[in-house]
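Residue numbers for the sequence shown follow the numbering used here, so the first one is 1 and each next one is one higher.
If you're looking for bench data, these hints aren't it; they were derived computationally from the structure. Each residue gets a CB set at the ideal place from its N, CA and C atoms; glycine is no exception. Hints should not be assumed to be uniformly reliable.
Unchecked claim - The calculated lysine-lysine pairs, modelled on DSSO-like cross-linking and capped at a C-alpha distance of 30 Å, are:
{"id": "1", "residue 1": "K108", "residue 2": "K66"}
{"id": "2", "residue 1": "K148", "residue 2": "K106"}
{"id": "3", "residue 1": "K164", "residue 2": "K66"}
{"id": "4", "residue 1": "K28", "residue 2": "K106"}
{"id": "5", "residue 1": "K165", "residue 2": "K66"}
{"id": "6", "residue 1": "K32", "residue 2": "K66"}
{"id": "7", "residue 1": "K24", "residue 2": "K79"}
{"id": "8", "residue 1": "K164", "residue 2": "K32"}
{"id": "9", "residue 1": "K81", "residue 2": "K136"}
{"id": "10", "residue 1": "K106", "residue 2": "K66"}
{"id": "11", "residue 1": "K106", "residue 2": "K151"}
{"id": "12", "residue 1": "K151", "residue 2": "K136"}
{"id": "13", "residue 1": "K136", "residue 2": "K98"}
{"id": "14", "residue 1": "K98", "residue 2": "K165"}
{"id": "15", "residue 1": "K79", "residue 2": "K108"}
{"id": "16", "residue 1": "K52", "residue 2": "K32"}
{"id": "17", "residue 1": "K24", "residue 2": "K66"}
{"id": "18", "residue 1": "K24", "residue 2": "K151"}
{"id": "19", "residue 1": "K52", "residue 2": "K164"}
{"id": "20", "residue 1": "K136", "residue 2": "K32"}
{"id": "21", "residue 1": "K164", "residue 2": "K106"}
{"id": "22", "residue 1": "K164", "residue 2": "K108"}
To be verified - Ranges of calculated distance between the beta carbons of each label pair, as one might list FRET restraints:
{"id": "23", "residue 1": "K32", "residue 2": "P61", "range": "20 to 28 Å"}
{"id": "24", "residue 1": "Y47", "residue 2": "V77", "range": "20 to 28 Å"}
{"id": "25", "residue 1": "M55", "residue 2": "D141", "range": "21 to 29 Å"}
{"id": "26", "residue 1": "L30", "residue 2": "S184", "range": "17 to 25 Å"}
{"id": "27", "residue 1": "I2", "residue 2": "K108", "range": "34 to 42 Å"}
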Amino acid sequence: MIMRILFITATYLPTVNGVSYHIKLLKKQLEKLGHRVYVLAPNFPGYTDSDKNIMRYFSMPNPFIKTYPLGLPLVPVDKIKKIRPDIIHTHHPLIIGKFAAHVAEKMKVPLIFTAHTQYEQYLNYYFPHGYQLTSKLLINDLQSLSRKCSKIICPSPETKIRLKKQGITNTDVVFNGIDTEVFSSSKKV
């Protein structure tokens, strides 16, 4: 069955990080299988997408990390309805995850979430004095999102164990792939 898949993310090219690279690779491989894949990502001023089916939402410059714009997914659901996605796959749990859950509910399509990042590790760094409170708020948000998801993808067994300790059990481990073409060489050594 050929599907229309919508990825909703807080980071994508030209930002260089594991999530952006994973989404680009997953999009490429799913399209090779015949699926139609769309990416909804924050706008990046001055950057023009070379891939098809990339949609951008409003973002502001990030005063702390220049290459990571702060996105506000102010996208009318009607605009997304034109794509007619069969499934929505979000790659971030907080604002973007809530937006993705809202869209999936309105469109009555399954929601998938990939738990790429161990946000708790960042909390201790950014909020050392309020770590306990922010950690509880984050776990509550993750639990809330998990109840709206058909499945949560964990890129490692460790992520699955960590989420289980937080009361999140609708998970499966799916390892991130690699693009073997990057490592192939037409020249033999």
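**Pairwise hint evaluation, K165 against K98, where the allowed Cα distance is 30 Å at most** = Distance ~22 Å between K98 and K165 Cα, so the pair holds.
**Prompt:** Going straight from one Cα to the other, do K28 and K106 come out at no more than 30 Å?
**Reply:** Distance ~27 Å between K28 and K106 Cα, so the pair holds.
**Asked** Are K81 and K136 close enough, with their CA atoms no more than 30 Å apart?
**Response** violated (34 Å)
**Request:** Compare the distance between the alpha carbons of K164 and K106 with 30 Å, and conclude whether the hinted pair is satisfied.
**Result:** Within the cut-off at roughly 28 Å; holds.
**Request:** Would you mind confirming whether the straight-line C-alpha gap from K106 to K66 stays at or under 30 Å?
**Result:** violated (34 Å)
**Asked** Is 20 to 28 Å right for how far apart the beta carbons of Y47 and V77 are?
**Response** Taking Cβ atoms as reference, Y47 and V77 lie about 25 Å apart, which means the hint holds.
**Message:** Tell me if the straight-line CA distance from K52 to K32 falls inside 30 Å.
**Reply:** Answer holds: K52 to K32 is near 14 Å, not above 30 Å.
**Message:** K136 and K98 were given as a pair; does the straight-line alpha-carbon distance stay at or below 30 Å?
**Reply:** holds (17 Å)
**Prompt:** Is it true that the CA of K24 sits at most 30 Å from the CA of K151?
**Reply:** Judged against 30 Å, a Cα distance of about 21 Å means the pair holds.
**Message:** Please verify whether K136 and K32 have alpha carbons no more than 30 Å apart.
**Reply:** Distance of about 41 Å is beyond 30 Å: violated.
**Message:** Hint check: K24 vs K66, CA-CA at most 30 Å. Holds or violated?
**Reply:** holds (21 Å)
**Request:** Take the C-alpha atoms of K32 and K66, compute the straight-line distance between them, and say whether it is at most 30 Å.
**Result:** Violated: K32 and K66 sit about 33 Å apart, past 30 Å.
Hints 1, 3, 5, 6, 8, 9, 10, 19, 20, 23 and 27 from the list above are not met by this structure, while the remaining hints are.
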